[in-house]
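Engineer: Residue numbers (this note's numbering), protein chains in the order written: chain A, 1 to 213; chain B, 1 to 213; chain C, 1 to 318; chain D, 1 to 318.
To be clear, the hints were calculated from the coordinates, so they are not data collected in a lab. Heads up, the beta-carbon is just placed ideally off N, CA and C, and yes, glycines get one too.
Among the chain D residues that face chain C by a calculated CB cut under 7 Å, a handful are:
no.: 1; residue: A22
no.: 2; residue: T196
no.: 3; residue: D256
no.: 4; residue: I317
Have a look at the derived ranges for each label pair, beta carbon to beta carbon:
no.: 5; chain 1: D; residue 1: Q33; chain 2: A; residue 2: K99; range: 27 to 37 Å
no.: 6; chain 1: D; residue 1: E148; chain 2: A; residue 2: L188; range: 20 to 30 Å
no.: 7; chain 1: C; residue 1: P211; chain 2: B; residue 2: N172; range: 22 to 32 Å
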Amino acid sequence: MRFANALALKKAMIDAAEAIIAAEPELTRIDSVIGDGDHGIGMKTGFSVLREQLAATVFPTPYELFHASGLCLVKCMGGSSGVLFGTLFISGLDVIKGKEALNGADIVAFLTKGIQGVKSRGRAKPGDKTMVDALLPAQSAMELALKSTDDIGEILKAAETGALSGVEATKNMVSRLGRSKNFREQVLGWPDPGAISVSILLGGLAKSLSQGL
Amino acid sequence: MRFANALALKKAMIDAAEAIIAAEPELTRIDSVIGDGDHGIGMKTGFSVLREQLAATVFPTPYELFHASGLCLVKCMGGSSGVLFGTLFISGLDVIKGKEALNGADIVAFLTKGIQGVKSRGRAKPGDKTMVDALLPAQSAMELALKSTDDIGEILKAAETGALSGVEATKNMVSRLGRSKNFREQVLGWPDPGAISVSILLGGLAKSLSQGL
Amino acid sequence: MHWFSEGREYYARKWFTGMLQAHPGRWRLFDSQIASATLVSSQDVVDRVAVIISSGGSDGPWSPGFVGPDLADAVVVGAPFTAPNAYAIYEVAKALDTGRGVLLLYNNFMGDYLNNDMAEELLRLEGHRAIQIPVHDDMGMARGEARENRGGRSGSALMTRIAAAASYKGLSLDEMATLLKKANSRMATLCVSVNTENNLVTFGRGFSDEPGFETGTMGMREAAEETIKLLTEDLSPKPDEQVLLMVNPLRLAGYDEAYVMGNYLYESLEAKYPILRMNVGAYIHILDGYGFTVTLLCVDEELRPYLEGTINGDGFII
Amino acid sequence: MHWFSEGREYYARKWFTGMLQAHPGRWRLFDSQIASATLVSSQDVVDRVAVIISSGGSDGPWSPGFVGPDLADAVVVGAPFTAPNAYAIYEVAKALDTGRGVLLLYNNFMGDYLNNDMAEELLRLEGHRAIQIPVHDDMGMARGEARENRGGRSGSALMTRIAAAASYKGLSLDEMATLLKKANSRMATLCVSVNTENNLVTFGRGFSDEPGFETGTMGMREAAEETIKLLTEDLSPKPDEQVLLMVNPLRLAGYDEAYVMGNYLYESLEAKYPILRMNVGAYIHILDGYGFTVTLLCVDEELRPYLEGTINGDGFII
Ligand SMILES: Nc1ncnc2c1ncn2[C@@H]1O[C@H](COP(=O)(O)OP(=O)(O)O)[C@@H](O)[C@H]1O
Ligand SMILES: Nc1ncnc2c1ncn2[C@@H]1O[C@H](COP(=O)(O)OP(=O)(O)O)[C@@H](O)[C@H]1O
Ligand SMILES: [Mg+2]
Ligand SMILES: [Mg+2]
Ligand SMILES: [Mg+2]
Ligand SMILES: [Mg+2]
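Based on the sequences and whatever the hints tell you, model everything.
Structural biologist: So this is what it looks like as structure tokens:
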């Protein structure tokens with residue numbers, strides 16, 4: 001599809017939330033090894049509330065949808081990732097203000113601004129083994145895809161692929177931020193759980209927005 | 001000997017103190033099994049100070065000697081046994097007040113009153129596995145000996161023998177007082193350390209007062 | 001657990017010196033003839049009964065933290081886990097007695113009793129009046145025996161507060177003894193210790209690790225309810241009494257968990273009896289492991305005036 | 001270690017409810033839109049900067065015990081070992097802002113920073129001024145990096161006290177920020193943890209059990225001397241500064257041992273620098289094991305007025 005309105009984007013967010021919820025055991029397992037073990041539960045809690053809240057609300061435009069989504073994650077997740085996933089949806093809001101529907105370029109611009117927000121809030125540098133290492137390749141891949149297609153599904157599919165390559169890359173990184181810092185070299189070989197969550201979220205959005213017209 | 005003056009009694013107390021000091025490892029070993037392990041160190045500390053203090057002081061009568069001895073033990077021993085050994089020498093003071101030297105009857109009366117003091121302060125009943133179980137048979141044995149001899153050495157020798165039979169008997173007792181109460185049936189087979197100390201003290205006095213005239 | 005550079009005998013003196021350095025003006029060291037440490041409140045005893053507490057050396061804040069203005073007048077502490085010295089108690093009591101007498105308050109353990117009893121005798125020999133109050137609140141100990149045979153537990157913190165209030169209000173030694181004996185008889189403490197790996201709760205574990213009298217697998221709410229049940233069965237609060245609840249964490253439970261447990265206990269107790277107040281804090285840190293000691297004190301009209309308001313101690317509010 | 005009957009999300013709310021039951025009138029619960037627990041001082045914020053502290057759920061007394069009259073105005077606490085919620089911080093800050101602005105004080109850990117930073121953004125979007133002060137006193141962390149990268153430790157207790165004093169004295173938000181940044185840069189905390197079985201001392205062990213940077217076998221006196229050496233090397237107290245010393249026992253060290261260690265530290269420090277005061281207490285009970293965290297704060301003429309006198313908190317004097 002070339003344009004996604006609030007309703008299509010809401011369905012996509014709900015589908016992505018379901019993918020996150022389903023991934024809870026895997027996220028928990030990995031964060032238990034290299035982090036403090038709460039990432040899976042935190043994501044599941046936040047995205048469960050998000051799903052209910054989105055399902056129960058009518059959003060006039062994408063702006064209201066993403067504003068509500070970001071705040072919802074901040075409100076009910078806590079921890080680092082509540083803020084970071086909230087930031088992902090809040091920081092880019094001004095670029096979609098007033099739009100009835102978003103095209104591929106809007107989505108790329110919105111997510112790019114969100115990714116910059118996550119980067120500057122979290123102060124993570126590439127290679128620090130965080131979700132940023134999934135977000136940055138996702139961003140490059142989206143931008144590249146946008147040059148050859150205007151299909152939102154395909155653009156987000158590219159983002160997911162970029163994120164997945166980032167997840168692979170985090171296996172060879174040593175954490176420098178947050179709790180998993182404590183485990184130092186022991187984290188080698190394990191991917192970063194936040195990066196995995198990013199790939200699942202983008203994958204969920206891509207799949208949902210590839211369906212239909 | 002039939003009369004012991006302050007000098008002879010002081011020497012006897014010093015000799016007894018040395019016997020107690022020498023027994024420290026054994027007392028510690030046993031109190032470590034059935035008590036809190038501090039009995040040997042406490043006795044050694046107290047009787048070391050006592051020995052120094054007695055050696056450095058001239059006592060006009062037995063009263064001053066035993067008054068100073070009792071207070072010295074209370075001052076520098078702490079724990080239960082400081083008070084109890086202090087009581088042993090303090091409670092009978094009134095029966096020897098004013099005497100230049102003590103005969104066998106005086107010593108039996110003095111110690112008997114001291115033993116009663118320990119009994120009533122400590123509220124231990126016979127069979128509670130305490131020093132009282134050595135003191136009471138020592139008292140009976142002294143009283144019996146007094147009927148057939150006026151030799152202080154022999155009387156105290158009898159007291160020691162009585163105390164030792166009491167020590168044997170404590171092996172079959174279960175403690176009811178103080179810290180070793182916690183060990184309940186596990187104390188069976190072990191003698192009470194306080195009872196052993198009593199036998200050593202009486203043995204030291206007996207040996208010292210059997211020598212010379 | 002202790003980590004020393006010097007001998008055990010220096011421990012309490014260094015402890016008290018540290019206290020003086022941290023709180024100049026609150027206390028002073030008593031100049032003892034013997035190698036024992038005695039801490040005295042900076043608030044002089046003027047025409048009132050002197051309140052003297054004593055204990056073996058262990059964590060605290062009770063006993064030394066319970067000395068100071070509006071609290072006890074002096075404390076004698078022994079080496080770690082060793083009874084306080086009789087002569088030291090006698091010395092400071094003699095020095096603080098204004099003629100109105102001396103109250104000796106301590107937890108009912110053999111060594112503490114023996115030394116206070118000897119101190120009382122030494123005082124009496126010199127014409128000073130002293131009355132001993134051995135706190136016997138631990139309902140896990142001496143089960144089936146007379147209340148007086150129980151050991152002392154966290155209740156000594158409350159007893160110290162009452163004794164100080166009574167002294168400052170000018171009660172005579174005999175009046176104080178009557179009051180404190182009543183409080184002593186209307187108080188019970190239960191140790192609730194928990195293996196957090198399997199939620200196995202032991203009720204009534206002793207001060208020296210004596211086994212408890214009841215165990216069960218349960219969460220905090222259920223344990224709080226059982227605790228209140230056992231304590232109120234022991235005390236049967238009367239219609240004219242309010243209940244004071246005190247929660248003291250064991251070593252591995254924190255400030256946070258003591259209040260969470262306090263909340264469950266409060267709600268369970270509130271449903272049955274009128275609550276005068278809840279005190280939560282590390283008043284006496286006596287036992288390793290995870291859990292709490294929970295104290296109930298039944299407070300009638302006569303006792304209430306001595307428990308009004310709260311007092312800020314060093315490390316606690318009571 | 002935690003023992004629950006209900007979910008983790010109820011923990012802080014039950015904790016705070018227990019606190020309210022124990023100290024009626026000292027605090028109130030903030031009515032949050034979300035499942036987070038916020039405690040507010042009963043002393044209203046009137047024409048001054050609101051001081052808001054926050055932390056993950058752990059033992060305490062810091063953070064919740066540091067809210068109240070003459071201390072911080074509110075605290076937001078997360079579930080056990082989980083950062084406080086940004087929205088909850090934003091909500092209470094918005095409610096307490098009198099127009100003079102809001103100071104957000106917390107220990108410098110990633111989750112705490114992220115949530116306070118987000119809260120600041122949400123506040124700014126609605127026209128409220130907020131300044132964040134992440135306390136970064138742990139000299140064991142981020143060795144060789146900039147001071148600002150260090151984690152927070154017991155120093156947050158002192159920082160809260162200074163922030164509250166500055167607010168009550170009417171300083172502007174910018175003046176407070178300047179003052180607190182100075183304090184933050186003139187403070188260091190060292191963790192001294194000990195294996196008491198073999199007297200192996202580790203200096204600089206981290207908040208989350210990160211290994212220390214120096215070890216050695218020694219007694220308390222020697223460890224105290226080494227601690228003072230490491231801390232004063234880190235801070236180089238200046239001629240116009242006095243030094244404030246704070247000793248906080250780890251979980252297995254008691255009130256007694258904190259003062260014994262305090263005594264050794266005091267004597268070692270006193271020989272080199274003028275001491276303003278020593279604070280000893282369980283301000284933050286953050287780490288299992290035996291040992292202490294030792295904090296030095298260099299206090300010049302400008303800082304001194306905000307550290308005058310002592311404040312009675314719940315479970316501590318500071
Ligand atoms: N400063 C940061 N910048 C970007 N991502 C971060 C940062 N800190 C943590 N993360 C991400 O958050 C994930 C952990 O999230 P979570 O477990 O929910 O939070 P917490 O670290 O508070 O326990 C990490 O896997 C990492 O991807
Ligand atoms: N109430 C008592 N009456 C008589 N003897 C007692 C009593 N309590 C303890 N003892 C004696 O004291 C001995 C222990 O002394 P010690 O180890 O010095 O004191 P503590 O029990 O304070 O550690 C016991 O072996 C016992 O003989
Ligand atoms: Mg985590
Ligand atoms: Mg012993
Ligand atoms: Mg002992
Ligand atoms: Mg976490």
